[in-house]
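Asks: On the provided structure of chain S, position chain L as indicated by the hints.
Protein chains: 2
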Amino acid sequence: MSARQTPVKALFFDVFGTLVDWRSSVAREAEKIFGALGHKVDWTAFADAWRGEYQPGMEEVRSGRQPFAKLDVLHRRNLERILPQFHLQGLSDETLRDLNLAWHRLNAWPDVPAGLSRLSQKFWLAPVSNGNISLMVDLARRNNFPWDAILGAEVARDFKPKPGVYLAACAAFDCKPEQCMMVAAHSNDLAAAAKLGLRTGHTARPDEYGPGTGEGAPTVPVDFAAKDLSDLADKLGA
Amino acid sequence: MSARQTPVKALFFDVFGTLVDWRSSVAREAEKIFGALGHKVDWTAFADAWRGEYQPGMEEVRSGRQPFAKLDVLHRRNLERILPQFHLQGLSDETLRDLNLAWHRLNAWPDVPAGLSRLSQKFWLAPVSNGNISLMVDLARRNNFPWDAILGAEVARDFKPKPGVYLAACAAFDCKPEQCMMVAAHSNDLAAAAKLGLRTGHTARPDEYGPGTGEGAPTVPVDFAAKDLSDLADKLGA
Numbered sequence: 001m002s003a004r005q006t007p008v009k010a011l012f013f014d015v016f017g018t019l020v021d022w023r024s025s026v027a028r029e030a031e032k033i034f035g036a037l038g039h040k041v042d043w044t045a046f047a048d049a050w051r052g053e054y055q056p057g058m059e060e061v062r063s064g065r066q067p068f069a070k071l072d073v074l075h076r077r078n079l080e081r082i083l084p085q086f087h088l089q090g091l092s093d094e095t096l097r098d099l100n101l102a103w104h105r106l107n108a109w110p111d112v113p114a115g116l117s118r119l120s121q122k123f124w125l126a127p128v129s130n131g132n133i134s135l136m137v138d139l140a141r142r143n144n145f146p147w148d149a150i151l152g153a154e155v156a157r158d159f160k161p162k163p164g165v166y167l168a169a170c171a172a173f174d175c176k177p178e179q180c181m182m183v184a185a186h187s188n189d190l191a192a193a194a195k196l197g198l199r200t201g202h203t204a205r206p207d208e209y210g211p212g213t214g215e216g217a218p219t220v221p222v223d224f225a226a227k228d229l230s231d232l233a234d235k236l237g238a
Numbered sequence: 001m002s003a004r005q006t007p008v009k010a011l012f013f014d015v016f017g018t019l020v021d022w023r024s025s026v027a028r029e030a031e032k033i034f035g036a037l038g039h040k041v042d043w044t045a046f047a048d049a050w051r052g053e054y055q056p057g058m059e060e061v062r063s064g065r066q067p068f069a070k071l072d073v074l075h076r077r078n079l080e081r082i083l084p085q086f087h088l089q090g091l092s093d094e095t096l097r098d099l100n101l102a103w104h105r106l107n108a109w110p111d112v113p114a115g116l117s118r119l120s121q122k123f124w125l126a127p128v129s130n131g132n133i134s135l136m137v138d139l140a141r142r143n144n145f146p147w148d149a150i151l152g153a154e155v156a157r158d159f160k161p162k163p164g165v166y167l168a169a170c171a172a173f174d175c176k177p178e179q180c181m182m183v184a185a186h187s188n189d190l191a192a193a194a195k196l197g198l199r200t201g202h203t204a205r206p207d208e209y210g211p212g213t214g215e216g217a218p219t220v221p222v223d224f225a226a227k228d229l230s231d232l233a234d235k236l237g238a
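First to last, the sequence lines map onto chains S and L. Going by our numbering, 148 is the number at position 148 of the first sequence; the sequence numbering is gapless. Going by our numbering, 207 is the number at position 207 of the second sequence; the sequence numbering is gapless.
Treat the hints loosely; a few may be bogus.
One copy or two, either will do: identical chains are not told apart, so a pair holds if it fits within one copy or between any two.
Straight-line C-alpha distance at most 27 Å; calculated DSS-like pairs for lysine-lysine [what the hints assert, rightly or not]:
1) LYS235 to LYS176
2) LYS195 to LYS176
3) LYS70 to LYS122
4) LYS40 to LYS227
5) LYS32 to LYS195
Honestly, the hints are just simulated from the structure, not real lab data.
Looking at chain S on its own, in the form it has when it is part of the complex:
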């Protein structure tokens, strides 16, 4: 049986941007927490600045310059880095801790809960995200994500797109790469998975960084390109 004919058993999901709208959720949480303290800034710009530190923070770990740390830890470091830009200083540790947990309170894109529920009937589902386990649990409880297990960076102790993260997820499910499909709204994530033999499913999130700024279509070859998870479920016969 060729790899193309091997049935897919498991779907692995990118989470930030693909399943949840981090931008409007972080802006909302920041406004709530800082607003109560009398601060007023452009909360969407604040969310973008915080997210802007995301890849550089992980790159320290991927490159081996820093040991692995949970994304919660990196988020906190990144937060402290951007606060001065927004003149948000002298905050209590409690406020910073609460704000850091904004990433645990992100809302799903509207199609996601029903789409995952359909896909769950046919496939094993797991997040393969750079987020840590407790963050994934909070998002799952908030948004009814029906995960079979939480895989990803914390289990592999490295960050995507390092190959070990995808391969650790396949191994945890006793699957060969071709029995697994990575689903993401980011072509670089899918390209890294495809290189290892995983199948790939792209889901459009054209508004991830604001209207018209996300990927409306993949920029790399993929097995499936879907409008959203409902469309992906249609295409996968789920």
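Replies: Same frame as chain S, now just chain L:
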């Protein structure tokens, strides 16, 4: 706040014997697979013999004499060790593989699905079992276990009652040990968890190895001793 007053956030569950009736399930699966091939043995004795190799197999890993391997791998080794005792030889690899997966097809004790569902409303739930992730997923799908994550031996890469297995589970959930409760029908599992500061809940499984052979009550001090998971949910106010 003393440890006794810290609210419990997460419940960790032993699985074999505590949540699922491995003995009658393995006997049933062995009878189905071997029976179709014309073999006839005492299938309950077969299940007991297979389970009898469980602790010695894990002890090789705990002691450092063997590297960590998933329980599926140990189960297969243990199976090949006991087959000659039952004059079950010359079986195909496919048959042995199917039989080994009997451990993925165990049935829950009757109180478990409803009990976990109640407990899930109030606590984060995870198996902290010596079984591997894929085995836990198969049992969860078969029996509707509402896990938030799959923790335990495969994540910690060692077997209970080694301390690292319990502590890795607490760390994955960002919890201090006193925020976690280990639930098991086996006093040695609870004693190991208590030593690390976890709370403990015993659930009676008096028939685990046949009528009257299991633990009807804990033999060590525990925080809660319950008749079953429904009783535990009552006691924890879930």
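Asks: How would you label the pair LYS40, LYS227 (within, between, both, or neither) given a Cα cut-off of 27 Å?
Replies: Neither, since 36 Å and 55 Å both go past 27 Å.
Asks: What label fits LYS235 with LYS176 when the C-alpha limit is 27 Å: within, between, both, or neither?
Replies: Within one copy only: 22 Å inside a chain, 44 Å across chains, cut-off 27 Å.
Asks: Using 27 Å as the alpha carbon limit, work out where LYS70 and LYS122 are close: within a copy, between copies, both or neither.
Replies: between (31 Å within a copy, 25 Å between copies)
Asks: Give the relationship of LYS195 and LYS176 under a CA distance limit of 27 Å: within one copy only, between copies only, both, or neither.
Replies: within (13 Å within a copy, 39 Å between copies)
Asks: Treating 27 Å as the Cα threshold, decide for LYS32 and LYS195: within, between, both or neither.
Replies: Neither: 42 Å inside a chain and 42 Å across chains, both beyond 27 Å.
Comparing the model with each numbered hint stated earlier shows that hints 4, 5 do not hold.
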